Each structure stands twice: as structure tokens, then as C-alpha cells.
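Listed in order, the protein sequences are those of chains A and B.
Letter 133 of the first sequence, counting from 1, is numbered 351 in this note's numbering, and no numbers are missing.
Letter 269 of the second sequence, counting from 1, is numbered 603 in this note's numbering, and no numbers are missing.
The set of hints was computed from the structure by calculation and includes no laboratory data.
Here the structure is a predicted model, which means the values were calculated and not measured.
We treat Cβ as the ideally placed atom computed from N, Cα and C, and that holds for glycine.
Where hints are given, some of them may not hold.
Footprint (simulated), chain A over chain B, 3 or more residues, beta carbon under 8 angstroms [to be verified]: (1) 403–417; (2) 445–453; (3) 617–627.
Mimicking EDC-like on lysine to aspartate or glutamate, the simulated pairs with C-alpha atoms at most 20 angstroms apart in a straight line are [stated by the list, open to error]: (4) A/K339 / A/E288; (5) B/K434 / B/D481; (6) A/K244 / A/D318; (7) A/K273 / A/D318; (8) B/K409 / B/D481; (9) A/K273 / A/E288; (10) A/K362 / B/E448; (11) A/K339 / A/D318; (12) A/K362 / A/E417; (13) A/K339 / B/E541; (14) A/K339 / B/E542; (15) A/K454 / B/E622; (16) A/K244 / A/E265; (17) B/K434 / B/E448; (18) B/K610 / B/E622; (19) A/K362 / B/E622; (20) A/K454 / B/D481; (21) A/K308 / A/E298; (22) B/K409 / B/D444; (23) A/K454 / B/E615; (24) A/K362 / A/D419.
Label pairs and their computed distance ranges (CB to CB) [unchecked claim]: (25) B/G456 / A/L465: 41 to 47 angstroms; (26) A/D419 / B/A473: 53 to 59 angstroms; (27) B/E576 / A/E455: 46 to 52 angstroms; (28) A/E265 / B/K610: 33 to 39 angstroms; (29) A/D419 / B/R590: 47 to 53 angstroms; (30) B/Q371 / A/P291: 55 to 61 angstroms; (31) A/S229 / B/A473: 24 to 30 angstroms.
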Amino acid sequence: MTHQEPNETCSIHHRHALRACWPYLKRGSQSILDIGPDPLPWLRMMERCCDSAHKMAGCVQNADTAEVSESSPYLMTAVELDIWSPLARKGLPAQLPHGDYTLITALNLIDHLYHPEPFIKAVAQVLRPGGVLLLTGANISARKNLLALLRGDGVAPDLDAVVGLKRGPRPRVRQYSWREIANLALSHNFVPVRHGFYEADDTFSLRQHSAFGIQHSTLARPLPNPPPEHRGRGPKELPPTCCRWLLAHPHQLRSHFYLLLARTANLPGHRFSGYMLRHATRATLRFSRNRIAAQIRAMASA
Amino acid sequence: MSHSLVESSDSSISWNNFLAWARAENEYQQQIAGVHQPDHPQDSLRGRTYFEVNLYRYFHALQVCWPYLNRPGQKIMDVGSWPGAWLRVIAHFAAQHQPKAWASGLMFPDRFLEKMDGACAGMLRCELDPYSPMRDMSAPTTLAENDFTFVSAMEVVEHLYHPRGMFQVIHEAMAPGGVLFVTTNNVSRLSNLFAILNGGGLVGNLEELIPSDGGILGNWRPHAREYAWQEANALAQSAGFEPITHGFYQENYALRLLEGIDQPSEELVLPRGAEKRLARELIPLLAEPDQLKSGMYLLFRKPNR
């Protein structure tokens with residue numbers, strides 16, 4: 219995770235991730251897998267904070283280099299789960315190592331993937347039924363995104379960086395709401411358990427790539443965004459009461475979300491959780507119900 | 335754009351003039367492109383042509399582009415042409431200047447040129463999104479024709495994973511001084527802001543964005559991403575274009591305009607009480623007053639140098 223967010227903000231993400239999965243870490247011996255560009259700091263932190271001896275392993279995904287450190291105290295494997303990405307590394311396995319894991323974490327990874335579906339599918343294959351997946355990512359409904367939309371700017375600042383990237387960490391491809399990821403995960407036998415929002419510095423945008431000294435073949439010159447005549451237009455901050463009545467969650471304007479998903483048995487009826495019923499909008503409910511009904515029909519006909 | 339677009343007396347092509355032609359054209363479109371299926375999930379589309387449900391978008395585009403179409407010697411390309419209605423609009427209203435228009439893209443029905451009935455000079459098959467998981471690997475990634483003086487890409491950019499490549503391909507195929515017209519959904523429209531504040535997101539169709547279950551590559555592609563005007567502007571500028579202007583408009587999608595049951599309106603549609611309340615709170619904050627509207631257009635020029 220560390221390479222995709224500036225180092226100084228890592229502790230914030232770790233702290234919130236630790237809090238989110240603390241109930242599972244306290245349950246005694248767990249088989250834990252972390253997936254990210256550099257799983258080591260987060261695995262070390264979990265080990266430091268937990269009394270019990272967990273079995274821990276890491277999977278290197280989206281790293282600057284496919285080389286895995288041999289000096290790591292944990293079992294480390296390089297994988298390529300982002301199979302649709304133009305940056306996908308050839309020759310790496312597109313599956314996670316089998317380990318019957320009870321907790322899998324992926325901090326700030328999902329929004330850096332070209333498409334999250336192969337990742338969710340790979341996790342579903344190795345996570346034990348009843349096991350938990352913890353995801354964190356940039357929140358599409360963050361305050362800065364709302365302000366950007368109101369200014370006429372957009373929410374895809376790293377769009378170009380994916381194409382033509384020669385080295386360096388993989389940029390953010392897309393930002394999601396927790397509900398979009400939960401909906402996708404429903405198809406792969408996950409149910410949402412808990413979600414929340416937290417604030418963290420989120421400065422790793424396209425403009426920061428140049429500050430990090432990372433070269434893009436597609437960025438011959440800085441993006442002319444916004445044009446001079448439009449600079450300074452639009453709001454600098456949301457008024458204190460604006461839109462608050464509409465928020466589905468009181469902390470929803472924070473920069474990141476975390477989402478805990480539990481792996482269920484392979485029964486379509488189990489996919490529709492009480493949690494989803496409480497938090498879904500009508501459209502989401504209709505979407506999920508239709509999908510589940512379609513899956514049941516397909517199973518019946520098979 | 336404002337409400338006066340429909341009523342404007344100094345407008346070169348009035349709404350009534352356009353509507354009269356569109357009624358006849360819709361019958362032709364039924365024959366050449368067919369209609370939406372009777373079991374289409376969206377009630378308002380059933381039994382209607384693509385042309386009909388997007389009627390106002392064509393009228394709006396004609397208004398914006400008229401200064402560039404209403405002149406002789408135009409060599410035109412339309413990107414993502416299916417079902418060819420825009421080419422037919424140009425051929426009819428700019429007939430006096432006898433423009434030569436090409437269609438480009440990947441989806442061409444059988445006997446497309448014949449169906450265009452003289453509105454299309456040729457087809458340019460091209461994959462404009464080579465980084466898409468659904469790319470057509472058999473299609474060329476460059477255009478076989480060039481020196482276009484006017485290019486339109488209506489409702490294309492939001493279907494691409496990486497539209498920068500499209501802008502570059504178009505830029506290379508255009509003559510210096512040529513004009514590019516782009517329309518797309520506006521990511522900062524009211525319904526999107528409402529959705530993300532209410533806990534939703536901006537990609538409701540994630541599962542459609544990959545060729546799942548061994549799906550066919552190169553098939554019809556859903557929306558991959560919606561853009562703000564500044565993003566689209568930046569993409570075009572980085573490909574070498576200069577901005578001319580941009581604006582926002584109401585698409586009046588699927589309204590019963592041909593029958594005269596509905597009237598086109600450029601006013602922001604506020605269907606629900608909560609959205610209306612949200613709009614009242616947001617409008618004073620906007621960088622541009624029309625920014626909550628559903629569609630946007632951008633005009634660019636390829637510099638002469």
C-alpha cells in the first residue's frame with residue numbers, strides 16, 4: 219500500500235484499517251493475507267499490535283517492480299490481478315496463492331486497478347467462507363470531489379497516467395462509493411458487514427507524479443486544466459449546512475472509505491444481507507434483487 | 335445554451351422547420367435502423383427509433399455547428415456514426431453546400447452506405463480505444479482518410495476507457511483550421527451529484543465494462559466514464575486542439591417531441607422534491623450557471639500552424 223499513498227499518510231490508513239478489522243484480529247489465530255504494492259509495513263503493524271500469533275503473508279500487486287524481497291519475514295508472492303490494465307505485468311500469476319485465508323486486506327488498492335472484478339474474483343477463490351475482506355479506497359463522494367464537480371473540474375485526475383506509464387507506482391484509475399464495490403462483490407459471494415469513512419491526506423494525483431519525479435510518456439507538458447479564464451471560479455468550500463441533509467452517512471464527505479465484506483457459502487440466497495437492506499437505496503435493492511433472481515433462475519435451469 | 339434556442343427568430347434553422355423534416359426522417363429511420371424492442375426495460379423507448387428519442391440532441395447540435403456547416407467545401411467526418419442520423423441531418427440542411435461526409439467507428443449495419451442514401455461518402459473502420467478491455471483487435475487504429483475540415487464525435491467520448499487516443503487520431507486526420515464538435519454526458523449534472531451525496535457512485539455498470547463470461551470483444555460498449563468539461567477540454571488540448579467554446583444543455587431525452595405531446599425545454603429538469611432542494615442549494619455555488627444540466631458540448635479548432 220505504501221507506494222500508492224505518500225509515506226507520511228500511511229499511518230493514517232493503517233490506523234483506520236486496524237480499527238476496522240480489530241474484532242477479527244482479536245479472535246485468536248488468523249490466516250491473514252495483505253495485497254498491495256508493499257504489504258510489509260502493514261503486516262508488521264498488525265503483528266506489532268496483536269497479541270495472538272497470526273499466520274501472515276503478502277501478495278505484491280501494483281508494485282513498481284515485480285521483484286519480491288527475499289529478506290521479508292513473511293511469505294511474499296508477486297501477482298498480477300489487474301489483468302485488463304495496459305500496465306499488467308506479463309508472466310505473473312493472475313491468482314492468489316492458496317492458503318485458506320480468514321482475513322484478506324487490500325488498502326488503497328482497488329481504486330488503482332483498471333477494473334476491480336478480477337481482484338474480487340481472485341479473493342473469493344482463496345478466502346474461507348466466513349472469512350473477511352477489508353478494502354479501503356478513495357471515496358467518490360469526498361468533499362474535494364464535490365467541490366471539483368461544482369467548479370466544472372472532474373473526478374478523474376489520473377486518467378491519462380495509466381497509458382504510457384513507464385515506471386513508478388500505478389496511478390489511481392477510478393474512485394468508487396463503498397456501495398458500488400459492495401454491489402460488485404455481491405456477485406462473488408460476499409456480503410457487506412460494515413463500512414465507514416475517514417479523512418486522510420490524498421495528494422497523490424497526476425500533478426503529484428511530476429513532483430515525485432515520475433515521467434509519463436503521455437505528459438509532454440502540464441495539463442492546461444483549468445483554462446486561465448476559468449481559474450478561481452466556483453466554490454472553495456461547501457457552506458456548513460449545504461447538502462448535509464442528503465448525506466446517507468454523516469461522515470460521507472471524508473476522503474476515504476473502508477469496507478468489510480464477508481465471504482459466504484456459494485448460495486445465492488445468502489448474498490442479500492440485512493446490512494444491504496438497511497443501507498441500500500431503492501435502485502440498489504432493485505438491482506441486487508434482480509441479479510439474485512436471475513442467478514437463482516440460472517441455477518434452476520442448470 | 336438557453337431556452338431561446340428553440341424560439342430564436344434569428345436562428346438559421348428553427349425548431350418547427352427541423353421538426354417538419356424530422357417527422358419524415360423518422361419514418362425513414364424506422365426502415366433503416368429499426369426501433370427499440372417492445373420489451374425494452376425503459377418504457378419510454380419501446381417502439382421508437384434512436385433518432386426519435388435523441389431528437390433534441392440533433393437539433394441542438396445543428397444549431398451549435400451551423401456556422402461551420404453552412405459554408406462550402408466541407409470535408410466532414412462523424413465519429414461513432416450509427417445509425418447515421420447525424421449524417422442525414424447534415425446532408426439535408428447543408429445540402430446547398432454539398433458537403434462530403436465520412437462515417438467512422440466500428441458499428442456499421444449491412445448496406446450502410448446504401449441506407450444513407452447519399453449522405454455518407456464512405457466508411458472508415460477504426461478502433462479509437464485501443465486500451466479498452468473490449469477493444470476490437472482486428473480493427474485499425476488509424477484513419478484511412480484525412481484533411482477533414484469538420485469532425486463531430488457525439489456521445490462517443492464517454493464510451494471510451496482512454497479518450498485521449500481518439501482526440502489524437504482525429505487531430506491527425508484534420509486539416510489545419512478544422513473544427514471538432516464533441517458532445518457527451520455531463521458528469522457534474524444534478525442527478526450525479528444527488529447520487530454521490532446519497533451514497534451512490536458514478537459507475538453503476540461496473541460489470542458491463544469488461545468482456546465477462548467470454549463476452550465478445552469489439553461489441554457495443556457501455557459508458558466507461560463521464561467527464562467534466564474541463565477534463566474533456568484538457569484531453570483535447572493535450573492532443574493539440576484549441577478550445578473555441580463549450581456549453582451545457584438539456585438533452586430532452588426520450589420526450590414525445592415528434593408528436594408535439596412534449597415541448598423541448600432548456601430549463602433544468604427537477605423531477606423530485608429532494609433534487610429540487612439540492613439544486614437550490616448548489617446553483618449559487620456553481621462556476622457556470624448551467625452546469626447541472628445533463629449534456630455538454632465542446633468546440634475545438636486544430637490550429638493553423
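We went through each hint and held it up to the structure:
For the stretch 403–417 of chain B, the proposed coverage by chain A is not satisfied: 0 residues have a C-beta within less than 8 angstroms of a C-beta in that chain, short of the threshold of three. A stretch counts as covered by a chain when three or more of its residues have a beta carbon under 8 angstroms from one of that chain; for the stretch 445–453 of chain B and chain A the count is 0, and the coverage is violated. Counting residues of the stretch 617–627 of chain B whose beta carbon lies closer than 8 angstroms to any beta carbon of chain A gives 5, which meets the minimum of three for the stated coverage. Restraint check for A/K339 and A/E288: not satisfied, since their Cα atoms lie roughly 28 angstroms apart, outside the 20 angstroms limit.
The hinted pair formed by B/K434 and B/D481 meets the criterion: a straight-line CA distance of about 12 angstroms does not exceed 20 angstroms. Between A/K244 and A/D318 the alpha-carbon distance is near 19 angstroms, which keeps this suggested pair within the 20 angstroms criterion. Proposed proximity of A/K273 and A/D318 is supported: the alpha carbons are some 11 angstroms apart, at most 20 angstroms. For the proposed pair B/K409 and B/D481, the alpha carbon gap of about 7 angstroms is at most 20 angstroms, so the pair holds.
At most 20 angstroms may separate the alpha-carbon atoms for a hinted pair to count; A/K273 and A/E288 meet this at roughly 18 angstroms. A C-alpha spacing of about 51 angstroms is found between A/K362 and B/E448, which places the hinted pair above 20 angstroms, so the restraint is violated. For a cut-off of 20 angstroms, the pair hint linking A/K339 to A/D318 stands: about 15 angstroms separates their Cα positions. For the suggested pair A/K362 and A/E417, the alpha carbons sit about 11 angstroms apart, so the restraint of at most 20 angstroms is met.
Distance check on the hinted pair: A/K339 and B/E541 sit about 12 angstroms apart at the alpha-carbon level, within 20 angstroms; holds. With a C-alpha separation of about 15 angstroms, the suggested pairing of A/K339 with B/E542 holds against the 20 angstroms cut-off. Distance check on the hinted pair: A/K454 and B/E622 sit about 14 angstroms apart at the alpha-carbon level, within 20 angstroms; holds. A hinted pair counts as satisfied when its Cα atoms are at most 20 angstroms apart, and A/K244 with A/E265 qualifies at roughly 11 angstroms.
Distance hint between B/K434 and B/E448 is fulfilled; the C-alpha atoms sit about 15 angstroms from each other, no more than 20 angstroms. At roughly 18 angstroms between alpha-carbon atoms, B/K610 and B/E622 fall within 20 angstroms of each other, so this suggested pair holds. With a CA separation close to 18 angstroms, the supplied pair A/K362 and B/E622 stays within the 20 angstroms bound. Taken as a hint, the A/K454 and B/D481 pair is broken in the structure, with Cα atoms around 43 angstroms apart against an allowance of 20 angstroms.
Between A/K308 and A/E298 the CA atoms are separated by roughly 8 angstroms; this keeps the pair inside 20 angstroms, and the hint holds. This hinted pair does not check out: B/K409 and B/D444 have alpha carbons roughly 24 angstroms apart, beyond 20 angstroms. For a cut-off of 20 angstroms, the pair hint linking A/K454 to B/E615 stands: about 15 angstroms separates their Cα positions. Between A/K362 and A/D419 the alpha-carbon distance is near 11 angstroms, which keeps this suggested pair within the 20 angstroms criterion.
Checked against the given bound of 41 to 47 angstroms, the beta carbons of B/G456 and A/L465, roughly 53 angstroms apart, lie outside it. Take A/D419 and B/A473: their Cβ atoms lie about 43 angstroms apart, and the range 53 to 59 angstroms is violated. Range check, B/E576 to A/E455: about 33 angstroms between beta-carbon atoms, so the 46 to 52 angstroms window is missed. Here the CB-CB span from A/E265 to B/K610 is close to 53 angstroms, at odds with the stated 33 to 39 angstroms.
Checked against the given bound of 47 to 53 angstroms, the beta carbons of A/D419 and B/R590, roughly 51 angstroms apart, stay inside it. The hint said 55 to 61 angstroms for the Cβ distance between B/Q371 and A/P291, and at roughly 60 angstroms that hint holds. A/S229 and B/A473 have their C-beta atoms about 48 angstroms apart, which leaves the hinted 24 to 30 angstroms range violated.
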